[in-house]
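Undergrad: Chain by chain, the residues run as shown.
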Amino acid sequence: MRTSKVLKFLTTLGVVLTLVGAQAAAQEIVLTWPCIWVGGDAKAAPVKEIVDAFNAANVGKIRVDIEAQPNYDAYEQKIRTSLAAGTSPGDIFTFKLNPATSEFYKSPLVMDFSKDLTGTWAKSFPAASIKQATIKGQLKSLPFEVGVTPVWYNMALLKKAGVTKVPATSAEFWAAADKLKALGISPIAQNTGGTNAYITMLWFTQIAATRGGENVWSKPITDPVFVESLKDLKKMFSYANVDSVGAAPAIANGHFLKEESAIYSNGSWRLAPSEKDGPAVFSNLAFDYLPSFGTYKNSVPMFLQAMLAAGETKDPARRAAIITFLKVLTSPDSVKKISLASGAMFTVPFTFQAATPVEKGMQRFMDLVQKASFTVPNLEVALGPAAVAEFGQLISKYVAGETTEADMLKAIAKKLED
Amino acid sequence: MARSRNRNGLYIVLFLLPVLILFVLFFVFPLFFTAQTSVMKWKGIGDMEFIGLRNFERLFTDDTFQMALGNNLIWALASGFIQVPLALLVAILLNRKPKGWGAFRTIFFLPNVISAVAIAMMWTQVYNPNHGLLNALLAPIFPDLAHYHWLGVPATALAAIIAQSVLYIGYFMIILMAAATNIPIELYEAAELDGATRTQQEFAITIPMLRGTLVTSATLAMAYGIRHFEATFLMTGGGPAYSTTTMGIVLFQQMDELQYGRAGAVALILIAFGTGMIVLLRAIFGSKDPMSDASQ
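Sequences listed follow chains C and L, in order. Heads up: the first sequence begins at 499 in our numbering, then just goes up one per residue. Heads up: the second sequence begins at -14 in our numbering, then just goes up one per residue.
It is worth saying that the hints were derived from the structure and are not from the lab. Some clues are possibly wrong.
Sample of chain L residues with no beta-carbon within 10 Å of chain C, all distances over it, derived [what the hints assert, rightly or not]:
#1 L136
#2 L172
#3 L253
Each pair of labels, with its calculated beta carbon distance range [as the list claims (entries may be wrong)]:
#4 Q51(L) x D831(C): 54 to 64 Å
#5 A815(C) x I6(L): 31 to 41 Å
#6 V528(C) x R267(L): 48 to 58 Å
#7 E757(C) x D129(L): 24 to 34 Å
#8 A818(C) x P15(L): 31 to 41 Å
Backbone N, C-alpha and C fix where the C-beta goes; we use that ideal spot for every residue, glycine too.
Same shape as in the complex, but just chain L (with noise of 0.2 Å):
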């Protein structure tokens, strides 16, 4: 018996142990290569020059690393708090089956199955001063926004882009519109017998049961909003004068200006940001879920 369980633990370690390789070379060390080079001087190409948490210093007090910290900040906040509640509204209307619902489902989740870059690009256009979309829907109601430059004026920039970004909810649909299809049916019988109307019934049962879904997608979609970079990068590229600029941008940066030590030390604070607004948003909403309680 004991050797059958220690044959069995052989296994499991031998079976682990590619993926374990591949963690390590691939995970931890660039982990603790990044963390060296931030407390280093270093442009790339040459040798390193150790100067203890300057660089960290140097971020703290820069205007431009504020303000992606603050962008990333309303960056999670928007994909946690706007897209995913959107993306329960649908998946709860689709969830009823309404006339056309499974193509609705396809068209919202078409845009998770186009390149970033092409929708960028699209939305570009879309913003556009002088033959864009939005001016052309607009103009006729406000004149003066008929060349309105949304990407280009600091103050609707950032808006502009993370309006874009929350529309797309496609993928926390699915997984909001797979989980309630487990919810079980016997709770929405006895509410209806109980003279609940379906409102009610998505409030007082859908909602709740989904709560550990949903923790779930605005986690993945925080940690998403976090780590932002395509979109704006190709729209914006963080300008201008930096109101939409994200860590990632200020790391791309700073590779782009051969300033590797403050990028590792951009890298260590993103990974910290972000963990840190896991771990505070698992704490508040926790990670139970009544949905496991209920099967069992």
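For reference, chain C alone in the conformation it holds in the complex (with noise of 0.2 Å):
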């Protein structure tokens, strides 16, 4: 008698927790983040306090769930195998804007913010960074992660090797490279592996950005811009890392903070690695603009890195969660505490007084964009995958000798065809 009373209470009581529980959870809106700003990020620490202090504010209400995802390739691929498809890849995502992602803007299930970006919220991104992810006029991503990519000096390794400045002509740009291998080590990082050949990608930017001033990406790829920017690079290989050919990022990330390369390019991003992983290196850094090959001076890569995106949803409060997340996200509180602690640059400005080292990097980057006579976008951003993809291949054929600047050229306007 009395474990039946004892059953039926619990019994009932159980039934009241579940309702009680499917009640709040029904209440509730659960927003999933699919981020690569995560585990060893420079990023991951700060987005994670940002993401657990809105969540805190919001209990009950709004939570949001971030999904690890820390392989940029990798995450990539899923953002835009979900939208073919025909699913969403998550609430919130991120993906770089170039002419093949600008498909994602036909796709139904990326929410377009053009009616929600007013008021003090659109007053807080550059107007042109605006009219750049406009397409058609629709803003179905929000610029956020700025990339610029200079050069990198190893000033230590410079004076080692008899160079007591940054390199300002191309013809001194050589001769500290002469130098600095007759030391035993390789001048410049390259990486021609991974999706985008990055590294090399960037030095090929740079190059032709000297050559063909800011509308460079504007001739056609077999322009004798590219041919001869191509033998400069073909020239810079001779100076590179052994492993170049094939090798991914990490690997002349590696090198540099190593102290096997001097001469490098990358973005802030890399600022605050660097300091943790490489700090002699990181105290003798300089940073500049590439030596004018062309007729071009002062001339400095900067690009939109990430966007951000929202899958579209019918639901009005589905959709006011989201916005009331990407609005704290894109405030210039959250952007600067990202931002200082990773050293990565953002279009939503902020105001912040350079004490750190990492932050003394992040203004000179900064002054250098201030400073330059011009931006461009790198190779990938300006010509989409599919060309930074056959420009990864082909080029360490090309360094090679096993086929010409005409042919390679030929062959990524090929891809570009597509």
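These two chains come separately, so use the hints to put the complex back together.
TA: Dropping the structure here:
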């Protein structure tokens, strides 16, 4: 009898708790964010902090769940295949905007922010970046992270080789490379592997910009500017790390941080990791424009590195929750937090005093942008993943002398026809 | 009697139905969808546009795809005619039960339970031009190879990946060892009485008796070779200069470039290529199993 009463009580309690739980769950909107800023990424900690604070402030109403996706290539693949398969990759996600990913704007699965981005939220973004992210009147992604990729010099190694200042001309650049090579190190870090031959692609971009100017990418890829740029790039490979062909970007990063290479190019997001993993190198860094190989001086690659996007929803409450979170994430306070912790740069401006070494590095990047004659997007952003994949494959053949500049550029042009 | 047979037939259909539904849903339907996309221009998002056989035409006139076809053929041949014979050799040696044969069997099979990703990463390190094991071993004899970049030079990259792959013979070794244990012992006893040596016995009894299993193993190995993807993708991404690319890599790259129509065409060619090669292999070597004849 007593047992029966206890059982009845427990059953009732279970039913009540389930109903209460279901009610609470029904009220709380859970947003998934497949995110690359996780694990060892320099932005991981501040992003987690922002998400945790947001979740704490919205308990029972909105919760953002980060789905860790630490591999950049795999992440991009997931976004592409999900959208192609007719599935939203998540409530919030990021991608690089280029001629191929602009196809995402055609997907009904991607939210259009054009009516949401108003008032102070709209004012927090530079108008030029919003214009860049708007395609046929649709704003299906918000310009968030900016890539600025000048040349990085390890001044300690340069001084050891007898070079006391950053090369200002191409002649000085090659002379410095010769002296560094004589020291027994590989002067210039390169990599042709991965999906975009990242570091080598950045070098090519910089050379082409100094030869072709601000609108270099509007020229046909078979233009003599690119032929000459390839010749310069080939010369650079005679000073590159021995494993540059086929190497992932991490290999080039590693050579630079281990002082096996002295000249390198990458974005400001590498500042914090460099300070952590190569403090000796970090304390001797200098950043500058690539000396002119042609007629144009003081240019630096600058491009939209990460766009924030959201999964379309017909549920107004869910839509409002997504917008609420994105407003928090793109607020100057959040952006400042992520930026200062990682060294990454963003479209949303914020004020800061360059106090720490990473912040001083960021300040230098900003100065380079401000003082630049012009900025250019990199090859991948300008021409898309198919062109850069072909570039990455053929550059190894080209530097090995197995194909000519003309044939390599013709092959890239063929890819662009698609 | 007839009713019982009908009922049995109904049971067979009922039991097969779930598998049949799954097969249609997850194999036949995707196959037809792939065939449909192969004649379309489709970015994966938005509408498809019918373009006839243009995707196939483009692929067959593309140098990279031709290279991938050639590499797939090399992979299939290497898997079928290097990996399987190596497995046979080891299976025969271990079947003689030398000292420690159990441990060797485990060692040879061990790579089959290790992730392909881990193995590919390990071999990338072995081939590393700066601190790789291979160069360290070769450098004292061939000083020029001290910093040779095996995976970075088109001439050696494909051979380097295939070499690491065909060494993993464990799976076929186990199949062949299991089959060899079923060979009637009387055949060996009779051969011994006739004065045949162990080597003669292997050539005259073991290998002919394993013919059916060998053909099956070679078929499987070649099928794996044709659809090869992981190690190449992880070790070279199909480079340098597409020298290691395969149809699987081309398919992946087409999807990566949002060329889903062309990716569908690659998939169909891959299926046709694989089927053709297996049919050819069975036609040449036959599928008759001497072992089943012996047991009858």
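Undergrad: Please go over all the hints and tell whether each is borne out by the structure.
TA: Hints and how they fare:
1. L136: Violated, since 5 Å does not exceed 10 Å.
2. L172: L172(L) clear of chain C: closest Cβ-Cβ about 51 Å, beyond 10 Å.
3. L253: 18 Å, holds
4. Q51(L) x D831(C): 54 to 64 Å: 56 Å, holds
5. A815(C) x I6(L): 31 to 41 Å: About 38 Å separates the Cβ atoms of A815(C) and I6(L), which means 31 to 41 Å holds.
6. V528(C) x R267(L): 48 to 58 Å: 54 Å, holds
7. E757(C) x D129(L): 24 to 34 Å: 26 Å, holds
8. A818(C) x P15(L): 31 to 41 Å: The hint (31 to 41 Å, Cβ to Cβ) holds, given that A818(C) and P15(L) are roughly 38 Å apart.
Hint violations for this structure: number 1 only, all remaining hints satisfied.
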